[in-house]
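4 protein chains.
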Amino acid sequence: MAETAFRYVRQVKFYETDLAGVVHFSNYFRYMEEAEHAMWRAAGLTVDRAGANLGWPRVSVTFDYKSPLFFEDEFEILVRIAAVTARTIQYTFMVSRGGKTIGAGSMTTACAVRQPDALRAVEIPDDVVPRLRSVCTVTSVER
Amino acid sequence: MAETAFRYVRQVKFYETDLAGVVHFSNYFRYMEEAEHAMWRAAGLTVDRAGANLGWPRVSVTFDYKSPLFFEDEFEILVRIAAVTARTIQYTFMVSRGGKTIGAGSMTTACAVRQPDALRAVEIPDDVVPRLRSVCTVTSVER
Amino acid sequence: MAETAFRYVRQVKFYETDLAGVVHFSNYFRYMEEAEHAMWRAAGLTVDRAGANLGWPRVSVTFDYKSPLFFEDEFEILVRIAAVTARTIQYTFMVSRGGKTIGAGSMTTACAVRQPDALRAVEIPDDVVPRLRSVCTVTSVER
Amino acid sequence: MAETAFRYVRQVKFYETDLAGVVHFSNYFRYMEEAEHAMWRAAGLTVDRAGANLGWPRVSVTFDYKSPLFFEDEFEILVRIAAVTARTIQYTFMVSRGGKTIGAGSMTTACAVRQPDALRAVEIPDDVVPRLRSVCTVTSVER
Numbered sequence: 001m002a003e004t005a006f007r008y009v010r011q012v013k014f015y016e017t018d019l020a021g022v023v024h025f026s027n028y029f030r031y032m033e034e035a036e037h038a039m040w041r042a043a044g045l046t047v048d049r050a051g052a053n054l055g056w057p058r059v060s061v062t063f064d065y066k067s068p069l070f071f072e073d074e075f076e077i078l079v080r081i082a083a084v085t086a087r088t089i090q091y092t093f094m095v096s097r098g099g100k101t102i103g104a105g106s107m108t109t110a111c112a113v114r115q116p117d118a119l120r121a122v123e124i125p126d127d128v129v130p131r132l133r134s135v136c137t138v139t140s141v142e143r
Numbered sequence: 001m002a003e004t005a006f007r008y009v010r011q012v013k014f015y016e017t018d019l020a021g022v023v024h025f026s027n028y029f030r031y032m033e034e035a036e037h038a039m040w041r042a043a044g045l046t047v048d049r050a051g052a053n054l055g056w057p058r059v060s061v062t063f064d065y066k067s068p069l070f071f072e073d074e075f076e077i078l079v080r081i082a083a084v085t086a087r088t089i090q091y092t093f094m095v096s097r098g099g100k101t102i103g104a105g106s107m108t109t110a111c112a113v114r115q116p117d118a119l120r121a122v123e124i125p126d127d128v129v130p131r132l133r134s135v136c137t138v139t140s141v142e143r
Numbered sequence: 001m002a003e004t005a006f007r008y009v010r011q012v013k014f015y016e017t018d019l020a021g022v023v024h025f026s027n028y029f030r031y032m033e034e035a036e037h038a039m040w041r042a043a044g045l046t047v048d049r050a051g052a053n054l055g056w057p058r059v060s061v062t063f064d065y066k067s068p069l070f071f072e073d074e075f076e077i078l079v080r081i082a083a084v085t086a087r088t089i090q091y092t093f094m095v096s097r098g099g100k101t102i103g104a105g106s107m108t109t110a111c112a113v114r115q116p117d118a119l120r121a122v123e124i125p126d127d128v129v130p131r132l133r134s135v136c137t138v139t140s141v142e143r
Numbered sequence: 001m002a003e004t005a006f007r008y009v010r011q012v013k014f015y016e017t018d019l020a021g022v023v024h025f026s027n028y029f030r031y032m033e034e035a036e037h038a039m040w041r042a043a044g045l046t047v048d049r050a051g052a053n054l055g056w057p058r059v060s061v062t063f064d065y066k067s068p069l070f071f072e073d074e075f076e077i078l079v080r081i082a083a084v085t086a087r088t089i090q091y092t093f094m095v096s097r098g099g100k101t102i103g104a105g106s107m108t109t110a111c112a113v114r115q116p117d118a119l120r121a122v123e124i125p126d127d128v129v130p131r132l133r134s135v136c137t138v139t140s141v142e143r
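Taken in sequence, the protein lines are chains A, B, C and D. Counted from 1, the first sequence has number 67 at position 67 by the working numbering; the numbering is strictly sequential. Counted from 1, the second sequence has number 30 at position 30 by the working numbering; the numbering is strictly sequential. Counted from 1, the third sequence has number 26 at position 26 by the working numbering; the numbering is strictly sequential. Counted from 1, the fourth sequence has number 136 at position 136 by the working numbering; the numbering is strictly sequential.
No lab work stands behind these hints: they were computed from the structure. All of these numbers come straight from a predicted model, not from anything done at the bench. Hints may contain errors.
[What the hints assert, rightly or not] Cross-link-like lysine-lysine pairs, in silico, PhoX-like; alpha carbons within 25 Å at most: (1) LYS13/C / LYS13/B; (2) LYS66/A / LYS100/A; (3) LYS13/C / LYS100/C; (4) LYS66/B / LYS100/C; (5) LYS13/D / LYS13/B; (6) LYS66/B / LYS100/B; (7) LYS66/D / LYS13/D; (8) LYS13/B / LYS13/A; (9) LYS100/B / LYS13/B; (10) LYS66/D / LYS66/A; (11) LYS13/C / LYS13/A; (12) LYS13/C / LYS66/D.
Can you build the whole structure from these sequences, using the hints too?
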């Protein structure tokens, strides 16, 4: 089944590699976040609205690694909105390089207001999800 | 049911926080790896045996976030060996601060030999898992 | 006096900020390296030539901070080749955002061959510096 | 001439290495900050006083690299207070492993109050420098 996605392109930096000569596994979560934020900007949004006091803490994340990335590799990430509730968005991410699958991940993030020493989940503002969906314009078969 | 674990203690560094004032979610994967490697060292092992040409690439990882960590927080990680196959080890990680659950994660890692542009999974050397189990001496009830 | 430079443009990522709400000071060294490597690629070069066994360890680096960078700020780096010896290149970096100075740094890097447990400085291949100079095409008054 | 210093001990983490097999040069600035903050804690201080609205932005930093650090290396940092003005502290850092010099750095940091989009330098609270000096108890000859 085809689903639409947002496409983010990135190149591996030297400091993202480790002594095994490949991208350190923790950096894939930074790549996923970059792709998420690029999607928000494409939608005219930002996760850090001045004065809004809203944050987007992560609830849970996963990543499955299929093949490594190397220094200066150019890769793409396809971001999909997999599920939405009143207070959470779940994204999925497919990472590939030249058609070869690198890995796939997911991230569930909640809308929250910052309080002293804690975060309280609140409803996602009405415009966020429709705007994010509007920039998911890349069609690709789910592999 | 009670299970034994390896205990690792750590303090949050300034550069691990982000503009939300808490530890960036990607750093929990670095903490898990630190705990894993501390466990290996306690067992008289290292993931980077000179000349052995063995690596331990990650197959899949997960983390569920319950509560944030702040700058200078001291926290503990309990590492358990959750599953073992001929070529993989699955660890679980429970992160807490002063008895409060911060989150929990898992990591499946494969034993592999490095080849040009790829890694090939091989059998885990016989001594590794028994040695790792021998340093899992902390008893705690799985929450 | 006017000097020519290579121009690199970058945007601040969320995970590069710290609890003070600004880019952590250590990340400027990653930005400088990114600019350096982008310059090399523009010149048809890479610091990681397969099989060449050459590395480019840093000899000394400096940075002076004038004004902070914030999440999603777009900034530019002007890279200049400040000095060249048989075995070292010294670069300078001017970081700015919309004409406002963010800071300035320098980096001296040596050409070296990797040996067990050490690096030995060697002469820079003949083509490297002329090629790097050829992509320094942005003219700007040294501030 | 002998000078007293604060001593900080640390071990290299896997994710701090890069494809050259050594600690990435940017991480030395994180190590220096860790040593600085450990010194503050030893003195009963923290750089992040709740409610105080004070920050300690970096004014300038340097590092000279003599020899690399490898995965799992245990190293020490000697921190000295090199110069103090009404609003700034300059630290120096000597990094070594088993008596071998790894490198040396310096960091000048200002006391500042956070204001919207800027930081304004203010006088250092009276107790800070005497307390920091009181934990500089390691005597070593400046190499």
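Item to complete: Compare the structure with the hints numbered earlier in the document and write down the numbers of the violated ones, lowest to highest.
Response: 4, 10 and 12
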